[in-house]
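Chemist: Now for the letters of each chain:
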Amino acid sequence: MNDTLRLQELGNVVIRFSGDSGDGMQLTGNQFTSAAANIGNDVVTLPDFPAEIRAPAGTIPGISGFQLQIGDHKVNTPGDFPDVLIAMNPAALRANIKDLRPDGFAITDADAYDERAIAKAGYAEGIDPFSREETLGKQVIAAPITSQTLAALEEFTEMTKKDKERCKNFFTLGLLFWLYDRSPDFTITWLKGKFAKKPMIAEANIKAMNEGMIFAQNSGLFQSQYKIPGAVTKPGTYKFLTGNEAAGQGLIAAAEKAGLNLFLGSYPITPATTILEEVARHKNFDVKAVQMEDEIAGICCAIGAAWAGDLAATNTSGPGVALKGEAMGLVMILELPLVIINVQRGGPSTGLPTKTEQSDLMQAMYGRNGESPIPVIAAKSPSDCFDMAFEASRIALKYMTPVILLTDGYLGNGAEAFRIPDVSELPELPTNFRTNPEGYQSYARDPKTMAREWVKPGTPGLANRIGGLEKDQLSGAVSHDPDNHDHMVRARAAKVANIANDIPDLEIHGDQDGGEIVIIGWGSTYGAINNKVNKYRAEGKPVSQVHFSHIFPFPKNTLEVLKKFKKIVVAEMNLGQLNSLLRAEFTVETIPLTKIQGKPFTEDEIAAVVDQLL
Amino acid sequence: MNAESKYTKKDFVPPGDVKWCAGCGDYAILAQVQKVLAETGISPDQFAFISGIGCSSRFPYYMNCYGLHGIHGRALAIATGTKVANPDLHVWVAMGDGDGLAIGGNHFIHAVRRNVGIKSILMDNRIYGLTKGQFSPTSQRGAKVKTAPMGTVEDPIDPISLSLSLGGSFVARTTDRDVKHMAEVLRRSQEHDGFSMVQVLQNCPIFNDGAFDTWVSKGKEEYVLKLVHGEKMIFGLDNEKCIVRNGFSPKVALVAEVDEKDIIIHDEFATDSGLAGFLSQLNGTNGMPMALGIFRQIDHPAFEAEYRRQNAEAAATKGKGDLATMLHEGETWTL
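Residue numbers (my numbering), protein chains in the order written: chain A, 1319 to 1932; chain B, -1 to 333.
In short, the hints are calculated from the structure, not lab data. Certain hints may be false.
[To be verified] The list that follows gives simulated cross-link-like pairs (lysine to any residue, SDA-like), each with its CA atoms no further than 25 angstroms apart:
hint, chain 1, residue 1, chain 2, residue 2
1, B, 4, A, 1754
2, A, 1510, A, 1352
3, B, 17, A, 1352
A quick note: this is a predicted structure, and the numbers were derived from the prediction, not measured.
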């Protein structure tokens, strides 16, 4: 027994699990996450996939990871750098040790370090992976995870050695449960349910986990135990959702609230595909999740469905948006509702498919021929993808317009606790279907919303023809009249501009009356900026945050808010796209804070620019 | 035909002028579609006409039905969405050879393969008309046009052969000059449950005049084989020629010189893809006659019906979709 253990209280911890795909790191991470969430910690998670599906085991390209941050407050992000690294083999250690915080520690499986594995990880011959040079002086705890797991399962005589070895992730989970003073009860219940038909597997994993906890306590490898108290969270029922799952469910919710069927026309593309998969899982809602032959067909079939009266959507990533451009112009001029979700990834061209970026904002704004205004909104967190998919649907249906929702790979794959809304909290989404043939003009506009009416093909007495040619401002008949064209181009622009009156004002997090510095962001940078701004404010520094959820049109108090601050820093994962939009629209001085590495901002990177302005 | 139809052709004619060139074969196609649909007894507003870009793609504007004039090549993709969203609509697509087979070729093959319940008319004039005379994917090798002043150096697509190879459930060819034949093919197309591909050989009097003269002008009987279900494949001015087998290929022979039993009998409903491949060779090349008629019509589940079936099945087994249930599915916790 180790009598010298201390129980330390922490505000938050970042843990990264890393191993081969067969090591069950995501499962282990998810179990730890669930256990933490159950006692009320705030949690955000992010898987890190290699670009190749099955690179050779034991090599650095084959390593996949899963990072999470838990805290006693809103943690906002999966964390910049891990405090704890779980590395199941030498390659995992070698690939991740540089990210480990200097005062953190790594736990690795001592049994995985045979000569062959060390060589596969790319260490030169004769190099000791645990030498100071290789660990960069950081603490590495090598625990005999595999052998201890096998020893723990000795009594399971019916299991093969290979099957027993597969329980090592639960042994590792046991180590962590002890280290972070967590009850394993939640995971025990989960295992019993998961393996209800294979009780031996459940028992073996439970045994391995319990032995892991005992080993952690008795081995003397760990000097401290840690405790992270629960966060003060809005009461409610929660579950984990990735951003893409949330977006898919947001669309389904919007369709239900509009009394429409959902139609998602799509084509597989990383990192957006799981939205299609999520919607396809819910056929009992009479959704049509249609995987088409290409990106163009994906949006075009959605346009055909929108015309027919469905709540239609298409989901993709940047290269797909490039292909959909012409069809986006069509749906804009037809004035039909359509939700277009771009889960952004690293560009240009094929770029960095599995990495994150915010470099498609200008594409969303201007990536079409002609004057083609389409509202643009952005989600700021995984769970916000639900709200923003719902909001995109609301705008599309109310204003008879396509709407672009920008998320990104970081949000789409990342997960956080999602507070399940009461269905009655979600607003009804009215539609403006017309059935009365009397005096119908297909492009007559509602005086308030400037939207035209929606007529489903098949409605008696209202047969009409619409198309991509310019049309008469009332009858919708093809018109090449110069004045009519001028009128229509301006009317379509005015309709979208008018949406500014129907979206929330910008909010200032910080100095309400303005002040020294404001950090402006949009989309997934919210969490990183918020964490940093909170730290500045705790130190009494005059830094505020303003975050855009609606980008086109901008909220109507935008200029008023910008003018309140002496220095406007615009932080985004591109070379300054929102920055350019703000300058062009409001002629304000701004300071771009840009990063384009396929990775989210760290707090240090924000500090590097903002500290100099203080 | 529905003798009691309360609609006439006029009910399918919208206000406004038709703006195709004088003498264009598209006029005949439009007139026959209007006539055939009037005879179905179905109200014009139950039809949705969808098109891409090109001369033929103006078609929806000239039908007094719901119409969507889309973008180049994408009509079948748009129509797929409309049909899946509302399987009760009668969805028609008008497309040209460039629209349907060049820029829209990908959508063409997948629409045929999926068997979406769309009635398509491929108005094939073997030329780009709206852009004023460039070669199309159905232009014959060597065609001298503005973009190939020395003649094209590529072989054409045969849309019948392509459709048959994709398992097309309704594949037919007709011409803009034989309006009775066209009407019958269109009527059968409208009645078909699944994707129908009707190629209409259509004359462009401006940029490719006379492209189909061999098969539509005086003396055409020598070169045209009318496919009629259950009948022998016999043609010629005096019905003196016939089609027999030569290995896996058709061969033209004289009726007088073959055993009557060897003359191929047409079977529209044969599911045998070998016969389909055999028939597809009757396209006016290699000494073969141009076959007109319905090459193949088979029963095959329509795409939209399968979506409907699966959704009904999901609702029956999982229960009709309920938002609160969906939102609470999986692991949850309450704070």
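Chemist: List in ascending order the numbers of the hints, as given earlier, that are violated by the structure.
Modeler: Of the numbered hints given earlier, the structure breaks just one, which is hint 3.
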